[in-house]
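Here the protein sequences line up with chains P and X, keeping their order. Under the working numbering, think of the first position of the first sequence as 385, with each following residue one higher. Under the working numbering, think of the first position of the second sequence as 7, with each following residue one higher.
A portion of the hints provided could be inaccurate.
Here are the simulated DSS-like cross-link-like pairs (lysine-lysine), alpha carbons at most 27 Å apart as the crow flies [to be verified]:
(1) P:Lys-426 - P:Lys-555
(2) X:Lys-36 - P:Lys-558
(3) P:Lys-555 - P:Lys-754
(4) P:Lys-758 - P:Lys-567
(5) P:Lys-558 - P:Lys-391
(6) P:Lys-567 - P:Lys-554
(7) P:Lys-567 - P:Lys-555
(8) P:Lys-554 - X:Lys-36
(9) P:Lys-555 - X:Lys-36
(10) P:Lys-554 - P:Lys-391
(11) P:Lys-567 - X:Lys-36
(12) P:Lys-484 - P:Lys-426
Hints are computed from structural coordinates only; laboratory data are not their basis.
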Amino acid sequence: MDGTHMKEGFRQAMAWLHTWAGLIFGWLLFAIFLTGTLSYFKDEISHWTQPEVQARPLDDGRSLAVAQAYLQQQAPTAARWIITLPNSRDPGLSVMWQDKVDPGKRGNFIQKVLDPVSGQAVQARESMGGEFFYRFHFQLQMPYPWGRWLSTFAAMVMLVALITGIITHKKIFKDFFTFRPRKGQRSWLDGHNAVGVLVLPFHLMITYSSLVIFMSMVMPAPIVASYGNDSRAFFNEVFPATDNAPALGQPGTLLPLLPMYEQARAQWAGGHVGRLVVNNPSDANASVNVVRAGADRVVHDFGSTVSFNGSTGERLRVSAEQSLPAAIGGSFYGLHMGRFAGPVLRWLYFICGLAGTAMIGTGLVIWLGKRQLKHAKTGGMPFELRLVEVLNIASMSGLLIAIAAFFWANRLLPVSFAQRADWEVQMFFIAWGLSLLHAMLRRGRQAWVEQLSVGALLFGAIPALNALTTSHHLGVSLATGDWAMAGFDLTCLGSGGFLAWAAWKMHHRTAPQPKAERARALTLKPEAH
Amino acid sequence: MLLAWLMCYVGFTALCLSTDRHHGELLRSKPSPRRRLGLRAVGGGALTLSIWPAVAASGWAQGLVEWCAVLMLSALLLVLLLPYWPRLALSLAGVGLLAGPVAAFATL
Chain P
385 MDGTHMKEGF
395 RQAMAWLHTW
405 AGLIFGWLLF
415 AIFLTGTLSY
425 FKDEISHWTQ
435 PEVQARPLDD
445 GRSLAVAQAY
455 LQQQAPTAAR
465 WIITLPNSRD
475 PGLSVMWQDK
485 VDPGKRGNFI
495 QKVLDPVSGQ
505 AVQARESMGG
515 EFFYRFHFQL
525 QMPYPWGRWL
535 STFAAMVMLV
545 ALITGIITHK
555 KIFKDFFTFR
565 PRKGQRSWLD
575 GHNAVGVLVL
585 PFHLMITYSS
595 LVIFMSMVMP
605 APIVASYGND
615 SRAFFNEVFP
625 ATDNAPALGQ
635 PGTLLPLLPM
645 YEQARAQWAG
655 GHVGRLVVNN
665 PSDANASVNV
675 VRAGADRVVH
685 DFGSTVSFNG
695 STGERLRVSA
705 EQSLPAAIGG
715 SFYGLHMGRF
725 AGPVLRWLYF
735 ICGLAGTAMI
745 GTGLVIWLGK
755 RQLKHAKTGG
765 MPFELRLVEV
775 LNIASMSGLL
785 IAIAAFFWAN
795 RLLPVSFAQR
805 ADWEVQMFFI
815 AWGLSLLHAM
825 LRRGRQAWVE
835 QLSVGALLFG
845 AIPALNALTT
855 SHHLGVSLAT
865 GDWAMAGFDL
875 TCLGSGGFLA
885 WAAWKMHHRT
895 APQPKAERAR
905 ALTLKPEAH
Chain X
7 MLLAWLMCYV
17 GFTALCLSTD
27 RHHGELLRSK
37 PSPRRRLGLR
47 AVGGGALTLS
57 IWPAVAASGW
67 AQGLVEWCAV
77 LMLSALLLVL
87 LLPYWPRLAL
97 SLAGVGLLAG
107 PVAAFATL
């Protein structure tokens, strides 16, 4: 066998792997990528889904005083307080406390969201908000640990599909700037290649970093090898535990938290505080851990903390600089999550995520389109192709409808409805299931057009829905500078417009391709997909 | 980030014009070998140098992430503009060439 043959054989093997790994996991990866992309706006989505929590001008000093006064009154004898400060993305001042615990047992956490100005607990509607999409994108609504295993496996397949894709689509670097619209299969392939290769660094980063994040779960071997069976030691090293002094049993008075907050910020050269953890607040041995905000730096540091004695104010400990392994792990974590990103960079992250989603979606469309061409004359379609078609429709346009249904449920379910947060999630899955049913009952193109139209309506009407059900419509949110609320409405409007355009395109697609075009499309085969 | 973005966009446009196919589509002629080389040099140079304003504005860690983002998305923008609005794609690069020095003065 000479070299060219061997090369071609290798390329064909890679093409086969790319085609089938991409198909089998494509539907799942599409959902993971889209919900993961939404998670870049997790806080903004949560803000929209809990409109009762109003955005106030940020003032950490006032927030701290308010939180301390509230906790002193509501939970003076708690074992622990956790205060999470509002920021420009998440306006709620969250306080959490843990009841006194019997040794060996964990006390329950109670969480309240306070208004940072009035200090009153806000009666916000129950909703998972952005947390739902974030959790879904790696737990897939499956019982622990199966969802994580499945999404980790999907990430590995994604990495394989990316690498085999680079080998398979050999012309991507030569055709770097090429996108030819309105040419049927050729355009889909161009689009697939363009969003694939132009945003390739992001795809590789996001896929590889997801594997690093899951490493401890999927591949415990390296941890076991270096730390023995004491994986606790590994986590203590990566997430420095805050081993504070135990309670003395003598009553004490907690000092105001603001000076400790200021000292910590000075320690970090102006870095921001994410949350404060107060242990044994009513004890003489109270301790205060001031934890740095994750949004401060690209390299995520899980345990950047300054600890104080709560009743003397004495600074006890400053967490050490990150070790090199922790910094490497932290940089993958930080890059994946993008918490450090300001508004502009966050939008760029979002667009990159959409490009990844589009790459997967176009890949699925190409797989089917190529095989459908062979059956174009007879009009019939074998079962397996019909199956792929139905799954393509339900996994793409169906998922979009499900996401919109979640937001509609958030506004339409009564605020006092029992277990409404669960019902929002149920509506998501009910809508998704219905779209699967619909895709099975309708012919391919009609199903696409109808579902995209429904999606366009649902998304496009969200600003109106918000205006009718809350007092935070665009006129108010834009005027008060509540950009998270306004941005959500406007993005939904934009998504609705995009889906309407897609439905229109699909409806007016030139139905039968001219003969010459079809013949040419069939000869595209050498570049496998 | 704006200056880095402008430089990336100009760089990719130059690289794009250095290919026979795109030069033909956009300017209706084949580039001479000298021009092709020149465009490549300009393109590669602009892309490489665009790291500098990004890092100067936001430091190494954040700057490199921002640079990667504008690098990827300026190319994506160019590729999406080319088939639909080729004139706009080229004029944007022209605007970038003109506005680049202004942005440089403003930010650095």
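Consistency of the hints with the structure:
Note on Lys-426 of chain P and Lys-555 of chain P: the hinted pairing is violated, with a Cα-Cα distance of about 37 Å set against a maximum of 27 Å. Proximity of Lys-36 of chain X to Lys-558 of chain P is assessed by CA-CA distance (about 17 Å); at most 27 Å being required, the pair is judged to hold. At most 27 Å may separate the alpha-carbon atoms for a hinted pair to count; Lys-555 of chain P and Lys-754 of chain P meet this at roughly 18 Å. About 18 Å separates the Cα atoms of Lys-758 of chain P and Lys-567 of chain P, which keeps this hinted pair within 27 Å; it holds.
Only pairs whose Cα atoms come within 27 Å are accepted, and Lys-558 of chain P paired with Lys-391 of chain P is accepted, the gap being roughly 19 Å. For a cut-off of 27 Å, the pair hint linking Lys-567 of chain P to Lys-554 of chain P stands: about 20 Å separates their Cα positions. About 18 Å separates the Cα atoms of Lys-567 of chain P and Lys-555 of chain P, which keeps this hinted pair within 27 Å; it holds. Restraint check: the Cα-Cα separation between Lys-554 of chain P and Lys-36 of chain X comes to about 25 Å, which is no more than 27 Å; the hinted pair holds.
Pair hint Lys-555 of chain P plus Lys-36 of chain X holds up; C-alpha atoms about 21 Å apart against a cutoff of 27 Å. Distance hint between Lys-554 of chain P and Lys-391 of chain P is fulfilled; the C-alpha atoms sit about 12 Å from each other, no more than 27 Å. As the CA atoms of Lys-567 of chain P and Lys-36 of chain X are separated by approximately 25 Å, the hinted pair is consistent with the 27 Å bound. Distance hint between Lys-484 of chain P and Lys-426 of chain P is unfulfilled; the C-alpha atoms sit about 32 Å from each other, more than 27 Å.
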